[in-house]
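Read top to bottom, the protein sequences are chains G and S.
Each residue of the first sequence is one higher than the last, beginning at 14 in this note's numbering.
Each residue of the second sequence is one higher than the last, beginning at 2 in this note's numbering.
Honestly, the hints are just simulated from the structure, not real lab data.
Here the structure is a predicted model, which is why all the values come from computation and not from measurement.
For each residue, glycine too, the CB sits at the ideal point set by N, CA and C.
Incorrect hints may appear among the rest.
Said to hold, decoys possible - Pairwise CB distance ranges (calculated): (1) Arg-167(S) <-> His-177(G): 51 to 59 Å; (2) Asn-384(G) <-> Gly-403(S): 53 to 61 Å; (3) Trp-24(G) <-> Glu-155(S): 42 to 50 Å; (4) Gly-18(G) <-> Tyr-430(S): 44 to 52 Å; (5) Ala-415(S) <-> Gln-142(G): 28 to 36 Å; (6) His-248(S) <-> Glu-168(G): 50 to 58 Å; (7) Trp-24(G) <-> Ala-415(S): 25 to 33 Å.
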Amino acid sequence: MKRAGTLCFVWLLMILSTTGCWNLREPNQLAFVLGTGLDLTKDGQLQISIQIVIPSGVDGGQESGGGTKGKSFRVISATGKNVYDTVPSFQAQLSRSLFLGHRRIILIGQRLAEHGIGNLLDEFIRNPQSELRSRIYVVKNGQAKDILSAEPIFEPFTSTALVHQQATLGLKRYYFRDFLSDALSQGLQPMLPTVRLTDSKQFVYSGTAVFNKDEGLKLVGFLDDKDSFYANWITNRQAGFALTSFVKRGNGNVSLKLQSLGQRIRVKMVDKQIKIDVHLTGEGTIVENNTDLDPTKLKDLHIIQDELSETTQRSIQRLIEKVQKQYKTDIFGFGERVHQQYPNQWKTMKRDWNDTFPELAVSVKVNLQCNPGENNSSVKIMP
Amino acid sequence: MKRFGKSHLKNKLETDRQSTENSSSNISKNIAENEQFLKNMFHNCSDIIFREIMIHGETKLLLIHVDGMINTDIITSNVLKPLMYDGLPQGLGTIDSIAQMCEEELFSVLPIKKLSNYGDIVDHILKGNAAILADGENTAVLADVSKLEHRAIEEPFNEASIRGSREGFIELLRMNTIMLRRILATPKLKFESLKIGNVTQTDVVIAYIEGTVSMPILNEVRKRINRIQIDAILDSGYIEESIEETHLSPFPQMLVTERPDVVAAGLLHGKVAILCNGTGCALVVPLTFWEGLQAHDDYYERFLFVSLIRWVRSLFAFFSVLFPSVYIALTNFHPNLVPQELMMTIAMLRERAPLPTVIEVFMMELIFEGLREAGIRLPKQIGPLVSIVGALVIGEAAVSAGIISAPIVIVVSAAGISSFIIPRFRFGYALRILRFPLLILSGLFGLFGLAIGIIAILIHLIQLSPFGTPYLTPVAPQNTRRLKDVLMRWPRKRAIYTGPDNEADQP
């Protein structure tokens, strides 16, 4: 009995002496941050905006008798020298302490992205409260603050809406920590999804932003929706998408809903000349057929498959050429592949990879498999 | 005054000693002397009947018994009628005493004892025997003609079952042993009889199956029961408390059951049962942790279903211990571990709550325990009222008044209800007690404290071994063969009785 008592006492002392997360805070002592926006003001200062939840405004099942529902979130901003420098000024505006554990999204304004974000990443990793599983977006033609303030159609917060939208678009999960690992690895340049705000204050997904980490993570350009899908296909960040293309021999368009996308990048070294083979595969169902062809017939199906593959192949070739010539950044991770297959050669190559990349010989092969879909032949009423 | 008190005490002690000395002495041949002695002993006991039987005008016999405890019909027809109407038979021949006559001629089947010690005679009278003392003889005849009034055998109140026997133990030890004997009709089933309790002299039976029983357990039980020094045994709980391994464990170390089939199953597994007069609850020694989570009709139902139910049970058992403390730890210490949408809802519901979550949970837990206790104690007519008041007032009103946040009601009631899923309800007590220290630990230190608490419980469970049986067996120490009966219930082998192989079917 006495021994048990002493044991308990020692135990409790041990618990008290351990450092750790044992500071009790009730949920109503916390200001939950759902999204962080980073912007550069006109006079060149860093402006951070945070979206915080107002719990009493969240609709949680029980209606309070048809009364006017308050706003569910508020966006507040502060300027500072670096990211954490703004926290005291946020705290000065709030009666509850900031809680970053539920941050779902980090937005970067275009102006800041063009200026370079390489020196702003440290706080996100170093601060123990920071959540590395936030999604990250670049705001095209606008400020991050405006996106945070926008009211989405379904969800109460833009932050969660953007997260859900990624899944709906067929994009694989891409967290802030993945962005960090891309930014810190060799032979790969990061690219981030972008959103922009329409005139009616709604956010729209609009492709991909391409960065150059060798210049301090500077934004070098954008890819449009379609090119983004292709780029994500090559880098295995896309689970599926819909493809519509004109089929010449059928004199009409065919839409294909692609589901299982595969990619294989191989590096060949011939006389110290690197050659990249990109082989992309995809399976899909024909969801619309405006041609004269009948996909249930194997011959016609082959025609459709071949033509779709060919046009996609051409588009991807154009995309790679554009990235090589215009942006000169290796967003496809070809350097990473060279690193893996030829680690010894890579040591000498990695220093001037950025100069090698635009000159690379890349061959693309696309192989699409189509399921005919529900109908036999095209349903078409012609005049 | 003081002196008087002292001497009074001294006198009392002396008379006590005298009477004990006397009670161990033998009866004399003089019936009047015996009568006087017994009447002194049963002084002011209005329920003791002294019946003098006069034969040929002089006192010959004395019948002593407790009023209402004996079957007067037997005494009347067997003893009083022959003796009073026919007189003492003449020419006894080989029979030379009343005692012998009673034994050989009057009582045909009934068990008879010839005793000459006062103490023994008194004990037997109090247990429902009729004593017959004859003039000129120094042995008394004690006939077991007890008429034992008892409650009918009913379905066990606290251990209902869908399938299986509906018999439950009653307060009469003899009936209970009969029920056991009916199930286990083998001479190997032994009932060792003892009397415990200086005042109550309660009959206690140690039951076991010879050859099957684990001898170390049986010897340990015998040793511990013989060590009991107590005035009264009013329920088997007294015995349980006197022989259990440690009082400090919240976990029960023996099974308490009202069902003969449960006792029989325990005996067949080599356990020892302790039955006690005056209570419908038998003890089965020892109990292990996993048996605490098993129900008796697990073995009567089909194994697939039972295995599923066992998983559900274990899940809910852990749930009932941990849910409130996990809730506190997660919402107050680690909100980032809760999914964001859920956390927002919890935060919204907690927005107006005036009290800290720990206090809220503690209050609700106490109220729940109070309601449970009230539900047991209240008369049956008021019982439902308590649940209505409890559910409406405490649950609904407290939430809508904003004193308690809604998730707390869900957490506490879910944990409370799931503690009732445990079939051995006394095992559920343990889980209910453990909820409170875990609550404090997680309220002070979060998941870290909770982990420490769970480790402490596990250490306790591992070092607990009632009657030399490790509490967590067959998991720790591991017994692979018996693991089949922990979270699963492995099916018995099929016996195929039909078909041409069966000899009975052959033409």
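Identify every previously stated hint that the structure contradicts and give their numbers, smallest first. Hint 4 contradicted; others consistent.
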